[in-house]
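Following the hints, complete the assembly by docking chain B onto the known chain A.
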Amino acid sequence: MSAVVDRIKNDSFDEDSYLVDRYLSGDLSVFELIYQKYYDKVFAIARGVLIDADEAADAVQEIFTLVYRHLKRFDRRSKFSTWLFRIAVNRSIQEARKHRFKHRTVELTEAAAKEAPVAHEEMDPLIQAALSKLAPQDRALLTLFYWEELSLNEIADSIGCNVNAAKTRLYRARERFRVHYEELA
Amino acid sequence: MTPRIPPDVERLMWLVSESNDPQALQDFEERFPQFTAELGRRRRMVSDLKGAKTVAAPTQNHIPTFTPRQVESNGISRSVWVVGGLAATALAFASYSIGVWATKDPPKLPPIESVQTTPVAVPNTNVYTPPIEPKSEPVPTQPKAPDPINAVPEANREPLRTLKLSNTSLAAALKMIGEMAGYRVEIAPGFKDQQVSIDYTDSTTSNMVKHLGMRYGFTAFDQGDGTVIIVPAVDSQGPAGDPVPPDPRIGGE
Chain A
29 MSAVVDRIKN DSFDEDSYLV DRYLSGDLSV FELIYQKYYD KVFAIARGVL IDADEAADAV
89 QEIFTLVYRH LKRFDRRSKF STWLFRIAVN RSIQEARKHR FKHRTVELTE AAAKEAPVAH
149 EEMDPLIQAA LSKLAPQDRA LLTLFYWEEL SLNEIADSIG CNVNAAKTRL YRARERFRVH
209 YEELA
Chain B
364 MTPRIPPDVE RLMWLVSESN DPQALQDFEE RFPQFTAELG RRRRMVSDLK GAKTVAAPTQ
424 NHIPTFTPRQ VESNGISRSV WVVGGLAATA LAFASYSIGV WATKDPPKLP PIESVQTTPV
484 AVPNTNVYTP PIEPKSEPVP TQPKAPDPIN AVPEANREPL RTLKLSNTSL AAALKMIGEM
544 AGYRVEIAPG FKDQQVSIDY TDSTTSNMVK HLGMRYGFTA FDQGDGTVII VPAVDSQGPA
604 GDPVPPDPRI GGE
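Top line first, the protein sequences correspond to chains A and B. For the first sequence, counting from 1, position 18 maps to 46 in our numbering; every step adds exactly one. For the second sequence, counting from 1, position 28 maps to 391 in our numbering; every step adds exactly one.
No lab work stands behind these hints, which were simulated from the structure alone. Backbone N, C-alpha and C fix where the C-beta goes; we use that ideal spot for every residue, glycine too.
Pairwise CB distance ranges, derived in the manner of DEER restraints: (1) A:Q165 with B:W444: 26 to 32 Å; (2) A:R204 with B:P366: 21 to 27 Å; (3) B:R441 with A:S106: 33 to 39 Å; (4) A:G188 with B:P366: 35 to 41 Å; (5) A:D49 with B:S442: 38 to 44 Å; (6) A:S106 with B:R404: 35 to 41 Å; (7) B:R441 with A:L180: 36 to 42 Å.
Just chain A, same shape as in the assembly (with noise of 0.2 Å):
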């Protein structure tokens, strides 16, 4: 114990990687501080990407699971932050794709019923129809450039690109969502 606490006065030290060398010594129960700690910025990310909210709830969950039973394949190359926003933006784009043909069906069902779709009360109505036109990748990439104020290096590490191509990608995101916002405006 007492050389935990040395490593936590000293001001290198990662909490993450203490947390994650514990959960895979076999305390199980860290897990539960790491869901903790990342739950607000998986949501967002899931959220961004995802739009509805109950989804994004439903996403994280998984995403979360993934995390608990791959934890040992984290190879520490990059944080384990990084590490974590990338399952979560790929799970993310995955259900997003998965849920595109569920949300035309209900779009056409509600359009038979006559019933106006109800936007998420949530969020601003401009900015989510804005992102709703957007494909998954842009969402993902202006998530965490604007909600999580990752870095591009972060960025680029947490969607398997390089810095530039990252860059590139977010500012062709940025434009296609002011395009939209500004028509919708």
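Just chain B, lined up with the frame of chain A:
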């Protein structure tokens, strides 16, 4: 209408909008007053976008308890597994049916009468057999021609005659021999006639003429038309190398 924004101004405008630094905003508006309205729109967009996060995340009290789920591997739905299983079952049944059909005994046919056959020796065509050349009957060879030198002279087949003359003209004697042999003798100019005595017993006329020619210096040439010309000249090698028969009993002079 908003004027076209140069790329470097565009980048600067995004930086100022995202930084939201009052000093940077003031500097930009002083430097590019024509883009003030555009800067305001972008600031509002960035602000709205960033502000959307605050309502996206639930409060700490709303964090649900984590319970690991049964994650679907590779996102393959249960219906896909069901359809795949049915397809595999159908494929297995079809494979089994084809296997049974292919391996069952063929229908029995009426017995076939057995026919005794004699095996025929078939030449092995893989072995090279040179073509048989037809054996030709031995051609009877011509009897070896007699050696022109060692052959028995034609004169030997001439009838043997006996001629005895005394003090007779050589030319007359030659004509007499010609009459005996059946040909006519002509004497060429320059022939030196003389008186001779000859005595040939059991000798051919040819040998008689040859012998006389060797002795008295002339040569007899058969013209082929039944005429023999006596030329007063002697071949030093002798006629065809034919040896001069031994002088039987030659007398004369």
